[in-house]
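Undergrad: As they're listed, the protein sequences go chains A and B.
Last residue of the first sequence? That's 331 in the working numbering, and every number before it is there in order.
Last residue of the second sequence? That's 1338 in the working numbering, and every number before it is there in order.
These are computed hints drawn from the structure, not numbers from a lab.
Treat the hints with caution; some may be incorrect.
A few chain B residues facing chain A, derived, Cβ under 7 Å [what the hints assert, rightly or not]:
(1) L1055
(2) S1057
(3) R1079
(4) R1083
(5) M1087
(6) H1089
(7) A1095
(8) L1096
(9) N1097
(10) T1099
(11) D1108
(12) V1166
Negatives, chain A to chain B, calculated, CB over 10 Å [what the hints assert, rightly or not]:
(13) E58
(14) G238
(15) L245
(16) Y247
(17) N251
(18) L304
Below, a sample of chain B positions facing chain A; criterion: calculated Cβ distance under 7 Å [to be verified]:
(19) Q1086
(20) Y1146
(21) H1148
Computed from a predicted structure; not experimentally measured.
Where a beta carbon is used, it is the ideal one built from N, C-alpha and C, also for glycine.
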Amino acid sequence: MSGLARRLASRIVVAVVMIWIVASFTFFLVRAIPGNPVQAEYETLVSQGVNPAQARAETQVIYGFLPHQPLATQYGHYLWQLLHLNLGKSISYTGTPVSHIVLSAAPYTVILVLSGIVASFAIGVIAGVLAAVRRSTRLGDVLSVSGSLLHGVPQFVMALLLAYLFTTEWAIFPFGAPYDASIPVGFSPAFIGSLVSHAILPVAAYALSSYGGWLLTMKSSVVSVLGDDFVLAAELRGIRPITRLRYIGRNAILPLFTILALSIGFMFGGSVFIEDIFDYPGLGQLLLQSINRRDYPLMSGAFLLITVAVIVANILADLLYGVIDPRVRKG
Amino acid sequence: MGLVKTFPGRGGLLGHEPVRALRGVDFSIPAGGAVSFIGESGCGKTTLGKILTGLESYDGGTLAIDGQDVRRLPAGRRRAAFRRIQMVHQDPYAALNPTRTVAQTLSDPLRMRARELSRDQSWIDGRSEDLLRMVGLDPGFVLPRYPHMLSGGQRQRLVIARALTVDPDMLVADEAVSMIDVSLRLGILGLLRELRRELGIALLFITHDVATARYIGQDGDLYVIYRGRVVEHGPTDVVIERPVHPYTQCLLSAIPVMRGLEDAGPERVMPVSDEMAEETPCLFAPRCPFATERCRTEVPPLSHSGGTPQEHACFYPVPRRVVPVDRPVTQVGAGPRG
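Using the sequences plus the hints, can you model the full thing?
TA: Here it is as structure tokens:
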């Protein structure tokens, strides 16, 4: 157990360093953008008739850092504010703290991404095992072809297709908004039902576009384990097929966990397109809006949160891998 | 009729010819006996092992376990019959599930066995420890460990212990020591011999290594297989000391000679070509230094013709001394004793 604790501690140290690097990158990126948004904001305020001292103070409030201090002081101040989870204030949602906006959008994205990953992983892996075990039959062929086809469709094309088919052509599912505004928010079946029916299409877009990858990877992984001597040995000893399938699955799924960790980042990236297409108010849409409105504090806040989410997901996957594969546990 | 197995070829542009892995191999293994199959790679010996354990089907011939044709048994009893024949694999690492500890590896088949014998968990635990001790492993050390924490020799011992969980009557050892360090081979071979002596488990030893075949099957039979057909069969020592089939002679002539301690067999035979594709009646004829027109027109049957103690499939059986022979002690080098 102390091994696991030590492992966790070292992962957290690495994560903090990574978050610091990303935060610094965000800080200097905003500084390097042509036109210097901080200066621009300050000049806008001055041109609106605000006196320079007050304009400077307001700019500082908005960006959370000090425009006329040396870069090093600004950087130190920014990190200090970050440590207190103060990400500055939004420009487009005037005066609202960025952390507030970002945190209220985050749950939607997390729900979409997590259910999308879980759904595509579960279905893809099971279909992959089937495709491998029945690889010489019609079923195996159909599954493999479905995997290749879906794998080839880009996420945003899939999202557009689903949106067109199921909200316009056949209006089965609602479009836009995470839930029906006429239903009071709460733990009522009606509200949860509305939440689910609004999430189905974006989740399906995630799931369908990554299902193919899981299927194909799992299939090849299972096929390579199928021929292993320990599987034949289990057959010889008369171990039941269901137990044998468990042996195979457990060994075949190992390499997929690494890909799972990587795909979480990919899925967050995909949320920009999917949430935009379905008009779903998550982090992706927020990021896109902040870019369009040149809302740099919001942009860097959303960017930072997505980064943290990906890093945390990677740590979890890494720890989980150690639990699942005994060979990784030590060393 | 002996066992026949043909792997179908594939048609089309990139197709290949069907592979005739076994062309009628006839043999029997007495209860508690030891039988070795030797031959070069691709001769069909691995296919034979797989058929015997029920992992591979066959196209012709009869396979009888305890005198009962397995094809005539109902599925359940056929599975039970095949379970009495267990396999010791070539690669002890691939043969063990990397995600299960030794205790888990042994407990799955033992649990099945415990159900059949209506025993409880304590029987399973005790049996795991007994089996591990039987193969020379320390239960306290290996039980909680994963296969990757064990050495090659320990893993192979574990593979044998696992095979013993279902109380087999026969072990098929397919190149069982060829991937083990030379220094540990003798230990594994000794273990197999001991299991045979103490538990009466029959051994089918498949190898390309004459020395191990000789060690395991000294009191048993040796079959020499060439391209899916038995070319020579008899008591192990007879076949090795006085082989009569030119293929056996070529195979045994290839044994390396330990310089200084041994002399090359005086009548060594070398194949005249490496040509394998030709389908002559005697399959070895294209490579045989003694082949005549008869070998290319008539199939030599397996017989004792020429009055040899072993069976052979050659028209011109001549015993030849081809294995390296010990050098007389007086001739050993130019050392102090010389």
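Undergrad: Going through the earlier hints one by one, which of them does the structure break, listed in rising order?
TA: 2, 14, 16, 17
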